[in-house]
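Trainee: One-letter residues, chain by chain:
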Amino acid sequence: NAGVMQNPRHLVRRRGQEARLRCSPMKGHSHVYWYRQLPEEGLKFMVYLQKENIIDESGMPKERFSAEFPKEGPSILRIQQVVRGDSAAYFCASSPRGREDGVEAFFGQGTRLTVV
Amino acid sequence: LAKTTQPISMDSYEGQEVNITCSHNNIATNDYITWYQQFPSQGPRFIIQGYKTKVTNEVASLFIPADRKSSTLSLPRVSLSDTAVYYCLVGATGTASKLTFGTGTRLQVTL
Numbered sequence: 142n143a144g145v146m147q148n149p150r151h152l153v154r155r156r157g158q159e160a161r162l163r164c165s166p167m168k169g170h171s172h173v174y175w176y177r178q179l180p181e182e183g184l185k186f187m188v189y190l191q192k193e194n195i196i197d198e199s200g201m202p203k204e205r206f207s208a209e210f211p212k213e214g215p216s217i218l219r220i221q222q223v224v225r226g227d228s229a230a231y232f233c234a235s236s237p238r239g240r241e242d243g244v245e246a247f248f249g250q251g252t253r254l255t256v257v
Numbered sequence: 005l006a007k008t009t010q011p012i013s014m015d016s017y018e019g020q021e022v023n024i025t026c027s028h029n030n031i032a033t034n035d036y037i038t039w040y041q042q043f044p045s046q047g048p049r050f051i052i053q054g055y056k057t058k059v060t061n062e063v064a065s066l067f068i069p070a071d072r073k074s075s076t077l078s079l080p081r082v083s084l085s086d087t088a089v090y091y092c093l094v095g096a097t098g099t100a101s102k103l104t105f106g107t108g109t110r111l112q113v114t115l
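Here the protein sequences line up with chains A and B, keeping their order.
Start counting the first sequence at 142; every next residue gets the next number (the numbering used here).
Start counting the second sequence at 5; every next residue gets the next number (the numbering used here).
Hints may be right or wrong, so weigh each one.
[Said to hold, decoys possible] Not close to chain B: a few residues of chain A, all C-beta gaps over 12 Å, as computed:
id	residue
1	Val-153
2	Arg-154
3	Arg-205
4	Ser-207
5	Val-224
6	Arg-225
[As the list claims (entries may be wrong)] In silico BS3-like cross-links for lysine-lysine, where the CA-CA straight-line distance does not exceed 27 Å:
id	chain 1	residue 1	chain 2	residue 2
7	B	Lys-73	B	Lys-7
8	B	Lys-7	A	Lys-185
9	A	Lys-203	B	Lys-7
10	B	Lys-73	A	Lys-185
[To be verified] Which residues of chain B face chain A? A partial, calculated answer using Cβ under 7 Å:
id	residue
11	Gln-46
12	Gly-47
13	Pro-48
14	Phe-50
15	Lys-102
16	Leu-103
17	Phe-105
18	Gly-106
19	Thr-107
20	Gly-108
Keep in mind that the hints were calculated from the coordinates and are not lab data.
Virtual Cβ for every residue (Gly too), placed ideally from N, Cα, C.
Model the full assembly from the supplied sequences, consistent with the hints where possible.
Mentor: Okay, structure coming up:
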């Protein structure tokens with residue numbers, strides 16, 4: 142059973158370009174979480190999705206950022222018109238259900254976005 | 005969500021037992037306490053989770069006093085490979101909820 146797969150592992154974009162980060166959850170998992178981690182800092186929650194639904198996007202910046210988790214295919218975190226401050230590691234996690242009763246979440250290896 | 009406080013960093017020698025304490029004074033009745041480990045350039049990895057008293061698995065032990073306002077992660081006989089950041093999280097159960105990470109404790113193990 143493969144773990145949470147994120148791609149690409151490293152992504153370089155010029156200012157103003159779009160960045161697309163992909164996350165394939167573990168088999169059987171229908172809940173996906175995205176986090177951002179700046180250097181030397183902890184992980185900051187961005188968004189929580191179920192299949193075709195956004196459950197909690199309280200951590201998403203109001204502009205330029207969007208996320209989806211379609212019925213088929215991976216979850217996508219999209220950042221439009223990237224700026225240098227978007228440079229960070231973006232982690233995706235999945236769980237078989239919505240973390241009820243303390244279900245653990247499994248994290249991917251992350252995508253390191255560098256904006257030049 | 006209950007806020008957690010843990011030491012920024014700790015140092016240990018290989019072979020010693022390491023105890024990392026986390027404070028969560030406003031923990032709610034249905035909150036669980038979860039610890040994650042993160043190595044550089046990797047995603048966090050679940051270590052252990054508990055509600056009260058003591059929980060032990062093949063990796064660590066988690067001690068939770070009766071008032072549940074703090075918890076202690078105990079790593080027996082650490083090795084160099086245990087050098088990592090350790091996060092204490094407190095989260096509600098019964099509803100779908102996100103994991104809220106603090107800044108964690110950076111553990112450095114040396115010979």
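Trainee: Next step is simple, just say for each hint if it's right about the structure.
Mentor: Okay, the hints, checked on the actual structure:
No beta-carbon of chain B is positioned within 12 Å of the beta-carbon of Val-153 (chain A); the least distance is around 16 Å. At roughly 19 Å, the least C-beta separation between Arg-154 (chain A) and chain B is larger than 12 Å, which holds for a residue marked as non-interface. Its beta-carbon lying about 21 Å from the closest one in chain B, Arg-205 (chain A) satisfies the requirement of being farther than 12 Å from that chain. Distance check for Ser-207 (chain A) against chain B: the nearest CB is about 18 Å away, which clears 12 Å, and the non-interface claim stands.
With a closest Cβ-Cβ approach of about 23 Å to chain B, Val-224 (chain A) is found to remain outside the 12 Å limit, as its non-interface label requires. Here Arg-225 (chain A) stays apart from chain B, with its beta-carbon at least about 21 Å from theirs, past the 12 Å limit. Simply put, Lys-73 (chain B) and Lys-7 (chain B) have alpha-carbon atoms about 11 Å apart, close enough for the 27 Å limit, and the pair holds. Of the pairs offered as hints, the one joining Lys-7 (chain B) and Lys-185 (chain A) holds, with about 14 Å between alpha carbons and a cut-off of 27 Å not exceeded.
With a C-alpha separation of about 24 Å, the suggested pairing of Lys-203 (chain A) with Lys-7 (chain B) holds against the 27 Å cut-off. Annotation: proposed proximity of Lys-73 (chain B) to Lys-185 (chain A) holds, straight-line Cα distance about 23 Å (limit 27 Å). About 6 Å separates the beta-carbon of Gln-46 (chain B) from the nearest beta-carbon of chain A, less than 7 Å, and the hint is met. Annotation: Gly-47 (chain B) was flagged as interfacial toward chain A, and the flag holds, the nearest CB pair being 3 Å apart, inside 7 Å.
The beta carbon of Pro-48 (chain B) is positioned within 7 Å of a beta carbon in chain A (closest approach about 5 Å), and the interface hint is therefore held. Nearest Cβ of chain A to the Cβ of Phe-50 (chain B): about 4 Å, under the 7 Å cut. The hint holds. Checking Lys-102 (chain B) against chain A: minimum C-beta separation of about 5 Å stays under 7 Å; hint holds. For Leu-103 (chain B), the interface hint holds, the least distance from its beta-carbon to any beta-carbon of chain A being 6 Å, beneath 7 Å.
Annotation: Phe-105 (chain B) was flagged as interfacial toward chain A, and the flag holds, the nearest CB pair being 4 Å apart, inside 7 Å. With a cut of 7 Å, the hint placing Gly-106 (chain B) at the interface with chain A holds, because the nearest CB-to-CB distance is about 6 Å. Satisfaction of the interface hint for Thr-107 (chain B) is found here, the shortest Cβ-Cβ separation to chain A being roughly 5 Å, below the 7 Å cut-off. Interface restraint check for Gly-108 (chain B): the shortest CB-CB distance to chain A comes to about 6 Å, inside 7 Å, so the restraint holds.
Going through the hint list in order, the structure satisfies each hint without exception.
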